[in-house]
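Knowing the structure of chain A, use the given hints to seat chain B on it.
There are 2 protein chains.
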Amino acid sequence: MSTGITAPAGFTAAATAAQIKHSGKLDMALVVNDGPEHNAAAVFTRNRVVASPIKATRAAVADGTVKAVLYNAGNANACNGVQGDKDAAASVQRTAEALGVLSEDVAVCSTGLIGELLPMDKITAGVDALASSLGDHGSAAAEAIMTTDLVAKETLIEADGWSVGGMGKGVGMMAPSLATMLVCLTTDASATPEMLDEALHKAVAPTFNTLDIDGSTSTNDTVLLLASGASGVTPRQAELDAAVLAACANLADQMQADAEGVTKRVKVTVTGTGDDAQALNAARTVGRDNLFKTAMFGSDPNWGRVLAAVGMAEADMDPERISVHFNGQPVCVDSTGAPGARDVDLSGADVEVLIDLGAGGEGTATVRTTDLSHDYVEINSAYST
Amino acid sequence: MSTGITAPAGFTAAATAAQIKHSGKLDMALVVNDGPEHNAAAVFTRNRVVASPIKATRAAVADGTVKAVLYNAGNANACNGVQGDKDAAASVQRTAEALGVLSEDVAVCSTGLIGELLPMDKITAGVDALASSLGDHGSAAAEAIMTTDLVAKETLIEADGWSVGGMGKGVGMMAPSLATMLVCLTTDASATPEMLDEALHKAVAPTFNTLDIDGSTSTNDTVLLLASGASGVTPRQAELDAAVLAACANLADQMQADAEGVTKRVKVTVTGTGDDAQALNAARTVGRDNLFKTAMFGSDPNWGRVLAAVGMAEADMDPERISVHFNGQPVCVDSTGAPGARDVDLSGADVEVLIDLGAGGEGTATVRTTDLSHDYVEINSAYST
Chain A
43 MSTGITAPAG FTAAATAAQI KHSGKLDMAL VVNDGPEHNA AAVFTRNRVV
93 ASPIKATRAA VADGTVKAVL YNAGNANACN GVQGDKDAAA SVQRTAEALG
143 VLSEDVAVCS TGLIGELLPM DKITAGVDAL ASSLGDHGSA AAEAIMTTDL
193 VAKETLIEAD GWSVGGMGKG VGMMAPSLAT MLVCLTTDAS ATPEMLDEAL
243 HKAVAPTFNT LDIDGSTSTN DTVLLLASGA SGVTPRQAEL DAAVLAACAN
293 LADQMQADAE GVTKRVKVTV TGTGDDAQAL NAARTVGRDN LFKTAMFGSD
343 PNWGRVLAAV GMAEADMDPE RISVHFNGQP VCVDSTGAPG ARDVDLSGAD
393 VEVLIDLGAG GEGTATVRTT DLSHDYVEIN SAYST
Chain B
43 MSTGITAPAG FTAAATAAQI KHSGKLDMAL VVNDGPEHNA AAVFTRNRVV
93 ASPIKATRAA VADGTVKAVL YNAGNANACN GVQGDKDAAA SVQRTAEALG
143 VLSEDVAVCS TGLIGELLPM DKITAGVDAL ASSLGDHGSA AAEAIMTTDL
193 VAKETLIEAD GWSVGGMGKG VGMMAPSLAT MLVCLTTDAS ATPEMLDEAL
243 HKAVAPTFNT LDIDGSTSTN DTVLLLASGA SGVTPRQAEL DAAVLAACAN
293 LADQMQADAE GVTKRVKVTV TGTGDDAQAL NAARTVGRDN LFKTAMFGSD
343 PNWGRVLAAV GMAEADMDPE RISVHFNGQP VCVDSTGAPG ARDVDLSGAD
393 VEVLIDLGAG GEGTATVRTT DLSHDYVEIN SAYST
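Just so you know, the sequences run in chain order A and B. Using the working numbering, read the first sequence as starting at 43 and increasing by one per residue. Using the working numbering, read the second sequence as starting at 43 and increasing by one per residue.
The shape of chain A in the complex, shown without the other chains (with noise of 0.2 Å):
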């Protein structure tokens, strides 16, 4: 039984052994929407270098058009300068060609190392292999676009007479080298690019966005959301954003599950602020501070150092009011230690920490990081050599 993006009817999908990976192992990931209907919708990194890809996929989702999307892992054409955007062309431009569609409805998406040309021949020669065994491969697909995550990634949410399936591919939380994170979405509902377009971006911001690893974010991070129209299903603009957010929900959920070099899942929530954005910077500040994230690592309660990082938030404050709660138990009040606060239990895999401004407001928001191991270093300090 199909469980990813051939789930949905109308869309195929095919994966290649193209020896891009060093590692000889499924490298290359074609998916096509047989339609009736071609809609589309795309979010973006927000990284101001990206990669070329990154602009062709721009490009081809600007009329709300896709018919087909090719991925790569183990290079992610970026930062190649005008080769890397010709190699990303003639990527779509083969594609094109062997699925017989215009190559300005073909999109691409690769990741791995940034630097380094595309071999041009190996991919060549896997979009001709892609075009050839198109089937209900969504697994496969799923398969071949990791890199170093562990498991591959799918996710299938059923509605009234159509679904959303799901693909992803993100190790934001353990090789963040290879951050980046590839999203594909299929839908059989009918909908307009405007609605795919709606609940895309309401779906991703409480997910994809509030995985926050270690701040860095990647040059060629893209989520696609398909609509092939094959179940003849239109649904209400409420249902499609709740089927897609649930499909996003579930991916990035095994995101943060996936997590090599990894030995906590930190859950941090800010309260009693001015407004949600003011939230979110505090508990992007408390995520991002290696200081947190180490003490997390150890299994270490120092709550002063979640005031002493959340002090230089850009957020409404009280800073003698501040209140922390580590797995639900009160560890600083008032900004003052709470009694048995040194004793509180972290010693599992994951921990909630609250945190309340003091300031009173109506903001909050949550992001998810993890700790900051030594595996971490390991698997990041020897990448590209």
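Misleading hints may appear alongside valid ones.
Which copy? The list can't say, so a pair holds if one copy fits it or any two copies do.
Claimed, not checked - The calculated lysine to any residue pairs, modelled on SDA-like cross-linking and capped at a C-alpha distance of 25 Å, are: (1) Lys97 - Asp358; (2) Lys97 - Asp385; (3) Lys309 - Met354; (4) Lys164 - Ala380; (5) Lys63 - Asp385; (6) Lys97 - Ala132; (7) Lys128 - Asp376; (8) Lys128 - Arg88.
If you're looking for bench data, these hints aren't it; they were derived computationally from the structure.
Using the frame of chain A, we list chain B on its own:
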């Protein structure tokens, strides 16, 4: 021969082991300005969560007069609520009584663990011991304020008939939980509080404020400048500026060099952007990026991480025209890898990174940081417990 804070005329100091540090080493110090003038200026942490001694010292310096500074290491007296403020005030009061000065002319600086009450019996006994042993003990005082510093840090800048002495402790690069940077500068020049304030602010910006190890900012950071006027010389502002800058630069160098848990000293310079503030934002963004820092630990010339990091900076840039040099060798030109980039040797202890953002403009800034090593994780994951 005196080399530190007691070298300029008009200053005495003392140090004692008050058993606040578990090691039994020197942990309290007293610096006294015997005049004839008692002018002072100070710079404090930008953190909004500030320790009780910061509040007390702000009040003491407000009128430009400081006659004595009490130091302790081993306990930061931060996040201790009203009791913390009372303890700081009691420390000041005891010192004032012991010296026969007004309590409003006494400053206090603490460094150590956050969230533990000061052991006031030990502090009180320590103050009495210090007040009765004042003399040419600048070096002992410099030793007493150490936390995880490996060496005591002193400086002496000789000018024409006057001098600037100094001591500092700073462990931002090794165990930032103890990151508090405490600096005391003394001069026998005759200078108004306004002159001192101008010289100190000019000196701190390009020295201590460019030391950016992990973005963490202590609740206790304090830099004090005391002037006795005992030389009888009134330098011009520019002369004072130069001497204070030289003293700060020397202490900052010592702080960066004293780097337990660190294998690289990394200097990140940014040019080619709108203004100095933008350049500083970009330099900090790279200097704080864990992927960049782990690459440095691995001696890995992975310039792609520089581009991925700097793309998130709030600075004018041309994303297609960024260039990067490692140790003077071009590794990225026009946002694309330069020939031989992967072979650049970063095995030495010092790495210079030069980033031109390609947007023209006169903005430039330098930040000094370190790599992210196993020892950083080790030291910081096992501290409070």
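We went through each hint and held it up to the structure:
Taking the shortest Cα distances, Lys97 and Asp358 sit within 25 Å of each other only across copies (20 Å), while inside one copy they are farther apart (38 Å). For a Cα distance limit of 25 Å, the shortest separation of Lys97 from Asp385 qualifies neither inside one copy, at 51 Å, nor across copies, at 29 Å. For a Cα distance limit of 25 Å, the shortest separation of Lys309 from Met354 qualifies both inside one copy, at 19 Å, and across copies, at 23 Å. Proximity of Lys164 and Ala380 under a CA criterion of 25 Å is satisfied inter-copy only: 23 Å between copies versus 61 Å inside one chain copy.
For the identical chains of this complex, Lys63 and Asp385 are inter-copy neighbours only, at 21 Å across copies versus 47 Å inside a copy, given an alpha-carbon limit of 25 Å. Proximity of Lys97 to Ala132 under the C-alpha cut-off of 25 Å is restricted to the intra-copy arrangement: shortest distance 13 Å within a copy versus 64 Å between copies. For the identical chains of this complex, Lys128 and Asp376 are inter-copy neighbours only, at 16 Å across copies versus 58 Å inside a copy, given an alpha-carbon limit of 25 Å. Taking CA atoms no more than 25 Å apart as the test, Lys128 paired with Arg88 passes inside one copy only; the shortest distance there is 23 Å, against 47 Å between copies.
When the structure is compared with the earlier hints, a violation turns up for hint 2 alone.
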